[in-house]
Amino acid sequence: DSGVTQTPKHLITATGQRVTLRCSPRSGDLSVYWYQQSLDQGLQFLIQYYNGEERAKGNILERFSAQQFPDLHSELNLSSLELGDSALYFCASSGQGQGGYTFGSGTRLTVV
Amino acid sequence: AQSVTQLGSHVSVSEGALVLLRCNYSSSVPPYLFWYVQYPNQGLQLLLKYTTGATLVKGINGFEAEFKKSETSFHLTKPSAHMSDAAEYFCAVTKPSGGGADGLTFGKGTHLIIQP
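For the record, the sequence lines run as chains A and B. Residue numbering for the first sequence is 1 to 112, as defined by the numbering used here. Residue numbering for the second sequence is 1 to 116, as defined by the numbering used here.
You may find that some hints are simply not true.
Simulated pairs of lysine-lysine, DSBU-like, Cα-Cα distance not exceeding 35 Å [unchecked claim]:
(1) B:108 with A:57
(2) B:68 with A:9
(3) A:57 with B:49
(4) B:95 with A:9
(5) B:49 with A:9
(6) A:9 with B:69
Chain B is nowhere near these chain A residues, computed Cβ spacing over 12 Å in every case [claimed, not checked]:
(7) 8
(8) 11
(9) 59
(10) 75
(11) 79
(12) 83
(13) 105
Treat the hints as calculated values from the structure; they're not laboratory data. For every residue, glycine included, the Cβ atom is placed at its ideal position computed from N, Cα and C.
Turn these sequences into a full structure, and let the hints guide you.
Dropping the structure here:
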């Protein structure tokens, strides 16, 4: 157990739908990062939140959004889903200092 | 912008042989460098990281990597491969910043195959 909890582990949904992925960071970590892993794109950084504020954006589509709540858990919202959004979505957290990232076990999203 | 190049999408070695996985990076500032391992249907596990200080970094499971600024490389090695080392390996880079580091930029990964 890495200390980063992601739910659900698996999600199957239809095109055009909207889903929410949840991440609870490791205790004490203020930063949460979201990554997408797909066969064709590899591991792509989507977005980072730090203590409730958006900190950095990567290759995140406009159909996707995220937020970090006061208790530091984060949610990634994916809307108007397309077949190509099928991927593993990872959350990672880190504390202050020297780049120690801890990854969750991921949510496997399948869009049918 | 930062980038990572991992040479060889697949590397095959015999059990007991040296493992060498290559990683070259591009960064406009002194980087933080990482190697992660991913076993099938699992998340990413940190093997080792370089931030500052000693350029030879030792990690878990007998792996080590050396930061060579002049070559912009951070190759991963293990003296003797074990069957349990078969997995996908990712090199990643980020830049240090105040209040914590930014997101990681990953290489495309190297699939390590161990031959009995």
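Verification of the supplied hints:
{"no.": "1", "hint": "B:108 with A:57", "verdict": "holds (20 Å)"}
{"no.": "2", "hint": "B:68 with A:9", "verdict": "violated (39 Å)"}
{"no.": "3", "hint": "A:57 with B:49", "verdict": "holds (23 Å)"}
{"no.": "4", "hint": "B:95 with A:9", "verdict": "holds (30 Å)"}
{"no.": "5", "hint": "B:49 with A:9", "verdict": "holds (27 Å)"}
{"no.": "6", "hint": "A:9 with B:69", "verdict": "violated (39 Å)"}
{"no.": "7", "hint": "8", "verdict": "holds (14 Å)"}
{"no.": "8", "hint": "11", "verdict": "holds (15 Å)"}
{"no.": "9", "hint": "59", "verdict": "violated (10 Å)"}
{"no.": "10", "hint": "75", "verdict": "holds (18 Å)"}
{"no.": "11", "hint": "79", "verdict": "holds (22 Å)"}
{"no.": "12", "hint": "83", "verdict": "holds (21 Å)"}
{"no.": "13", "hint": "105", "verdict": "violated (4 Å)"}
Hints 2, 6, 9, 13, counting from the list given before, are not met by this structure.
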